[in-house]
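Undergrad: Chains X and P are the protein sequences, given in the same order.
Quick note: the first sequence, position 150, residue 150 per the working numbering, numbers continuous.
Numbers given in the working numbering equal positions in the second sequence, counted from 1, plus 245.
Just so you know, the hints here were simulated from the structure itself, not pulled from any lab data.
Note that the structure is predicted; figures quoted are calculated from it, not measured.
We put the CB at the ideal spot given by N, CA and C, even for glycine.
A couple of the hints might just be wrong.
[To be verified] Partner residues aside, some chain X positions facing chain P, computed with beta carbon under 10 Å: (1) Ser142; (2) Thr143; (3) Asp144; (4) Thr145; (5) Glu152; (6) Lys175; (7) Leu176; (8) Leu231; (9) Leu238.
[Claimed, not checked] Some chain P residues flagged as far from chain X (calculated, every beta-carbon gap over 10 Å): (10) Gln302; (11) Ile305; (12) Phe329; (13) Arg407; (14) Pro411; (15) Glu416; (16) Ser454; (17) Ala475; (18) Leu480; (19) Asn485.
There are 2 protein chains.
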Amino acid sequence: MTYCVGMMLDCGLVMMSDTRTNAGVDNISMFRKMATWEEPGERVLTVLTAGNLATTQALISLLDERSKAPEDREPSIFAVPSMFQAAQLIANTLKSVISDHANEGQKADSGFNATVILAGQIKGAPPRLFMIYPQGNFIEASTDTPFFQIGETKYGKPILVRAYDPKMSFEEAIKLLLVSFDSTIKANLSVGLPLDVHTYATDSFKIGSQTRIEADNKYFQTISNGWGEALKTALDSLPNYSHDD
Amino acid sequence: MTYCVGMMLDCGLVMMSDTRTNAGVDNISMFRKMATWEEPGERVLTVLTAGNLATTQALISLLDERSKAPEDREPSIFAVPSMFQAAQLIANTLKSVISDHANEGQKADSGFNATVILAGQIKGAPPRLFMIYPQGNFIEASTDTPFFQIGETKYGKPILVRAYDPKMSFEEAIKLLLVSFDSTIKANLSVGLPLDVHTYATDSFKIGSQTRIEADNKYFQTISNGWGEALKTALDSLPNYSHDD
Numbered sequence: 001m002t003y004c005v006g007m008m009l010d011c012g013l014v015m016m017s018d019t020r021t022n023a024g025v026d027n028i029s030m031f032r033k034m035a036t037w038e039e040p041g042e043r044v045l046t047v048l049t050a051g052n053l054a055t056t057q058a059l060i061s062l063l064d065e066r067s068k069a070p071e072d073r074e075p076s077i078f079a080v081p082s083m084f085q086a087a088q089l090i091a092n093t094l095k096s097v098i099s100d101h102a103n104e105g106q107k108a109d110s111g112f113n114a115t116v117i118l119a120g121q122i123k124g125a126p127p128r129l130f131m132i133y134p135q136g137n138f139i140e141a142s143t144d145t146p147f148f149q150i151g152e153t154k155y156g157k158p159i160l161v162r163a164y165d166p167k168m169s170f171e172e173a174i175k176l177l178l179v180s181f182d183s184t185i186k187a188n189l190s191v192g193l194p195l196d197v198h199t200y201a202t203d204s205f206k207i208g209s210q211t212r213i214e215a216d217n218k219y220f221q222t223i224s225n226g227w228g229e230a231l232k233t234a235l236d237s238l239p240n241y242s243h244d245d
Numbered sequence: 246m247t248y249c250v251g252m253m254l255d256c257g258l259v260m261m262s263d264t265r266t267n268a269g270v271d272n273i274s275m276f277r278k279m280a281t282w283e284e285p286g287e288r289v290l291t292v293l294t295a296g297n298l299a300t301t302q303a304l305i306s307l308l309d310e311r312s313k314a315p316e317d318r319e320p321s322i323f324a325v326p327s328m329f330q331a332a333q334l335i336a337n338t339l340k341s342v343i344s345d346h347a348n349e350g351q352k353a354d355s356g357f358n359a360t361v362i363l364a365g366q367i368k369g370a371p372p373r374l375f376m377i378y379p380q381g382n383f384i385e386a387s388t389d390t391p392f393f394q395i396g397e398t399k400y401g402k403p404i405l406v407r408a409y410d411p412k413m414s415f416e417e418a419i420k421l422l423l424v425s426f427d428s429t430i431k432a433n434l435s436v437g438l439p440l441d442v443h444t445y446a447t448d449s450f451k452i453g454s455q456t457r458i459e460a461d462n463k464y465f466q467t468i469s470n471g472w473g474e475a476l477k478t479a480l481d482s483l484p485n486y487s488h489d490d
């Protein structure tokens, strides 16, 4: 499993992903699930991936190689003129990777599916956030649904739904995401530290802060330990049930 | 879907269940998922059910009818001498209901599976809490895992894990459960109000408080509305992330 979140804020975009991959509980590994492409002053695109690791790595490699071979730069993630076309390019690449594996060779026990979050900005338009499905279609975030989750989404969703505020600073948003990730990590063995974080400030057109939060990170430990107490205090602040109500 | 929780406390047992059943999103109904058998001074048993409604209703009917026909009182939920044997009786009944449907007649799109929580006390032993699987086996709660959830368990789990305390009063436990149910109801359309609650006080050997919490219940609304604010306050009480950490 995996847990990744892409979130739109008034100040920009925040992306967070875990690094655990597994084939059964007896075969876990660590892989980066966040990839970023930057052309300073022009575009920054970040992709978060969940699903079959061979599929997601092939997807990132194909997107990368296309960007590296000058004679084959069309379509390229550095050449598409809009985020919508970037989403289309990624969606088509993803669909073809999956169908290559699904229709040829041996059948696998699990599917070759993968789901992708695309977040970024290309000059001339505001930052945009997409969720791309293995079928090759995609949806875009809006003010009604300003964040996307992929992978193990359920444990960490209630706190996002309740506490998300578009006016949050990056620092507040990272705190909120760490609570959401910590709840998920505590409940699902297949989501694990370290976590990758990328914040992109609107109209900066350069990679913002990119950090890896390791298990011994003091701030993460403060949040993880403090959240239990904070929740108990929150619960205490509400009136107790009474059978007379 | 469904959401039910059975919880052991120092003071007794708390059971809560929603009432929504659905076959697709265009066919929802309301059914009670909590059944209770009482022999005052002797035993109280409560069953919570999740899964195929025909299966769970057949299970409850079989357990009920067996208890009503005097000549067929062996095995009966009123005659078994221990909670362990009650769990065995329910597990065997559940398994036979499922296999009757699964092995004969038309194949259904969805399975006939169901999962059951059994909570209660029979004189001579302490209160006990079981989770019974459709395969006919079961597990028992312990101090390590003092509560069981069935149905849509994920959204409401983090708050239970963080805030559960065996020393809670019934009133505090109901508050905690309402927060857990509210988080689930907000996220999954197939879990819905009203909620049934039953509290059983250890060694009382009679049905405790049995209540139905409707959508217009003032206390539920206080919790549902207040929890968002309480969570934001809890999040504010933790230090913000800083890139220097």
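Undergrad: Does each hint hold? Answer for all of them.
TA: Going through the hints against the structure:
{"no.": "1", "hint": "Ser142", "result": "violated (19 Å)"}
{"no.": "2", "hint": "Thr143", "result": "violated (18 Å)"}
{"no.": "3", "hint": "Asp144", "result": "violated (15 Å)"}
{"no.": "4", "hint": "Thr145", "result": "violated (13 Å)"}
{"no.": "5", "hint": "Glu152", "result": "holds (8 Å)"}
{"no.": "6", "hint": "Lys175", "result": "holds (5 Å)"}
{"no.": "7", "hint": "Leu176", "result": "holds (6 Å)"}
{"no.": "8", "hint": "Leu231", "result": "holds (5 Å)"}
{"no.": "9", "hint": "Leu238", "result": "holds (5 Å)"}
{"no.": "10", "hint": "Gln302", "result": "holds (28 Å)"}
{"no.": "11", "hint": "Ile305", "result": "holds (26 Å)"}
{"no.": "12", "hint": "Phe329", "result": "holds (29 Å)"}
{"no.": "13", "hint": "Arg407", "result": "violated (5 Å)"}
{"no.": "14", "hint": "Pro411", "result": "holds (14 Å)"}
{"no.": "15", "hint": "Glu416", "result": "violated (4 Å)"}
{"no.": "16", "hint": "Ser454", "result": "violated (6 Å)"}
{"no.": "17", "hint": "Ala475", "result": "violated (4 Å)"}
{"no.": "18", "hint": "Leu480", "result": "violated (5 Å)"}
{"no.": "19", "hint": "Asn485", "result": "violated (4 Å)"}
The structure does not agree with the numbered hints 1, 2, 3, 4, 13, 15, 16, 17, 18, 19 stated previously, though it agrees with the rest.
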